[in-house]
Amino acid sequence: MTVFNTFLKVIKKNIVTIIIYTVIVIVFAAANMQTDNSVTGFISEKPAVMVVNNDIESASSKNFEKYLDENTNIVKIEGTEDDIADALFYRDITCIVTIPKNFGECVKKGIAPEVEIKTSGNEYAAFSEMIISQYLRIQNACAKRITDENTLIESINKSLDKKAEVEFITKLNTGALGKAKTYFNFAAYSMMSCILFIVCLVLSSFNEISVRKRTIVSSMDYKKYSFDLFLSGFSYSFVVWLFFMLLSIVMVGESMFSLRGLIFIMNAFVFTLSSLALAYMLSCFLLKKNAITGIVNVLTLGFSFLCGVFVPEEYLPSWVLGIAHIMPTYWYVQNNGIISTNEHLSGCINELLINILVVIGFTIVFAVTGVIVSINKRKIA
Amino acid sequence: MLSVQFCTDNFFTSERGSNVPEKIIEVKGLTKEYKELKAVDDLSFDVYEKEILGLLGPNGSGKSTTINSILSLLKYSSGSIKIFGKEMTPSAYDIKRDIGVIFQEVAVFEELTVYDNIDYFCGLYIRDKKKRREYVEEAIEVVGIGDYKKFYPKQLSGGLLRRLNIACGIAHKPKLIFLDEPTVAVDPQSRNHILEGIKKLRENGATILYTTHYMEEVEQICDRIIIIDKGKIIAEGSSDSLKRLANIEEKISAEIHSLPEKAVEDAKKLKYATDAVYDGTTLSVSYSEGRDNLTRMVDFLRNNNYHYKKLYSERPTLNDVFLELTGKELRD
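Sequence lines, in order, name chains A and B. Here the first sequence is numbered in the working numbering, starting from 622 and rising by one per residue. Here the second sequence is numbered in the working numbering, starting from 3 and rising by one per residue.
By construction, these hints were calculated from the structure, which means they are not laboratory data. Hints are supplied without guarantee of correctness; some may be wrong.
[Said to hold, decoys possible] Within a straight-line C-alpha distance of at most 20 Å, the following computed SDA-like cross-link-like pairs (lysine to any residue) qualify: (1) Lys156(B) / Lys730(A); (2) Lys779(A) / Asp690(A); (3) Lys131(B) / Asp842(A); (4) Lys30(B) / Val108(B); (5) Lys25(B) / Asn206(B); (6) Lys909(A) / Val108(B); (7) Lys88(B) / Asp842(A); (8) Lys30(B) / Leu76(B); (9) Lys910(A) / Pro155(B); (10) Lys845(A) / Thr91(B); (11) Lys730(A) / Thr768(A); (12) Lys630(A) / Tyr117(B); (13) Lys234(B) / Asn206(B).
Throw the hints in and build the complete structure from the sequences for me.
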């Protein structure tokens, strides 16, 4: 109990740091959780399109332009060809549709007119192309069997009027799970900071060369002493984990009392163990207390930014995600994503388990490295 | 080659009667090698019950290596070490229970108060909380830091910090105490307090192995002294017997601003003078015996018009012994 009590006393001296990291997670997670993450339907967007109509007299071209006006946002750009090219380059418009002079004639003859489409190349341009080609496809199909222009236009419009009812069906409470994902991702930063900073700081006091020498020459069995030290670190980490899990109930709500909530909690527990093992390993290398703050900040912030804690991984370049694979945080965040978005957990249970096993693997590597370094250091104490 | 000088008078038989006390530490043929360097070279000595043995030597002479080897903090190359009659090993916890160690470096937790620090280190030996509380209070009293119980180490002066360091090492009432240069960088007041405390510990029955390079301390508190250099024992005995090895009865020093070389040679020719040295400010003349050496020195200086500021006579010191045996100063 002597070692345990002293461990607690040293922690008590650093309580302000723990509070700071806890406040960080509450503030940041709360701010991010304000966003409604629920996916309950969709709305169609109107891409910006510029239309150059060289056949303003024909009814067919007028009908096409009217269709574009209804389904896209037609933008008029005054100026030279360069100004128009700039508008396309700077994504002010997604594409330029040029209706040829013989558009009406071709339609009457049942020939597909050559409509020129210049696009900006992004996903909105693809959407514009889809809208345009839908009209032209129907027009071409109708033109092959109808020769009268008015009847043809009537037929095209009738075909386009057909709307499909879209219903978004999901049993997932995407809003609450999105919040849970945000919370648990942010908790990774705070839990890791609280554990790394405090455990490294406390262990550096115990591992300080003169203190360790005095411990080795004492009558306390060194194995028991090491076990007491480990137990103290584990107890502290467990309390940190428990606190953040209780906080998750406050922040996320009753969704935590579900299978998915339980998996979130288990995932966080395994991550806590890896943070403890990392802290144990680091403390074997770090002897100077001044270095601990810097190194812990670099590690926790680095892990968080590279692994998608602060910035969603969709926005991270592939090489960054490649590097993130060598950090436990990445696999933890991956699991948070799987738990919150997959309709059927049974279908991705293997993926979840593999990610958890990878985090356990990191824990073992950190712990074994720490033990080897510690034994070597004892020999040369 | 240096030969070990053993002094003829036996401290124990002469001052404590004929009963030979129990050997607390027995070191035989201790050798510690670092690649090609022999830090400790075939060292053999015993420490007896309730004595204060001083291990004296310059920095790098092998004092700390010897202590670390005895405590099993270092693997030694050859030799044997017994404490309380049993072989000392890293897992000899029954032996360690009765050992207290005060290292050269202050070994305390910055985050704990004075009281909590002593309580922690005492707790490594004593589990019973009530008993421990008594022991901690006693240790605080012995080193005289009762007014600073709730202070943190950062708030203490260097001297008080050293006292705390000692309290942490003795709180569990060990029978054998190792003190490795405990007064380094300590103010005179704290030093006296520490030395008095060490004497008190011996009075209470502890055996003490004290290493230092301060000869005055060794002279002040040690019953027996071992002088080591380059990992070897070069002399062993009580302070007085060791001083006889120096072949000096008296040393007279005169502070003189400038002195020609001839004067030093002339001083060597004074009656009973064995040596004369001038270091730029002080002329020191050693005498093997004789009376009126001071008068003759004054006459010598006056007759030759050498103006001196101060003139004083000294008894030989352990430094002179070391100089005699090794040809170099203890603090080199």
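Tested hints:
1. This hinted pair does not check out: Lys156(B) and Lys730(A) have alpha carbons roughly 98 Å apart, beyond 20 Å.
2. Of the supplied pair hints, the one linking Lys779(A) and Asp690(A) holds, its CA atoms being roughly 17 Å apart against a limit of 20 Å.
3. Note on Lys131(B) and Asp842(A): the hinted pairing holds, with a Cα-Cα distance of about 19 Å set against a maximum of 20 Å.
4. In summary, the hint linking Lys30(B) to Val108(B) is not supported, as the alpha carbons are separated by about 30 Å, beyond the 20 Å threshold.
5. Simply put, Lys25(B) and Asn206(B) have alpha-carbon atoms about 18 Å apart, close enough for the 20 Å limit, and the pair holds.
6. For the proposed pair Lys909(A) and Val108(B), the alpha carbon gap of about 16 Å is at most 20 Å, so the pair holds.
7. Restraint check: the Cα-Cα separation between Lys88(B) and Asp842(A) comes to about 18 Å, which is no more than 20 Å; the hinted pair holds.
8. At roughly 16 Å between alpha-carbon atoms, Lys30(B) and Leu76(B) fall within 20 Å of each other, so this suggested pair holds.
9. Distance check on the hinted pair: Lys910(A) and Pro155(B) sit about 16 Å apart at the alpha-carbon level, within 20 Å; holds.
10. Proximity of Lys845(A) to Thr91(B) is assessed by CA-CA distance (about 17 Å); at most 20 Å being required, the pair is judged to hold.
11. Between the alpha carbons of Lys730(A) and Thr768(A) the distance comes to roughly 7 Å, so the proposed pair stays at or under 20 Å and holds.
12. The suggested pairing of Lys630(A) with Tyr117(B) holds, with an alpha-carbon distance near 12 Å, which does not exceed 20 Å.
13. Proposed proximity of Lys234(B) and Asn206(B) is contradicted: the alpha carbons are some 32 Å apart, above 20 Å.
Going down the numbered hints, you'll see the structure goes against 1, 4, 13, while the others check out.
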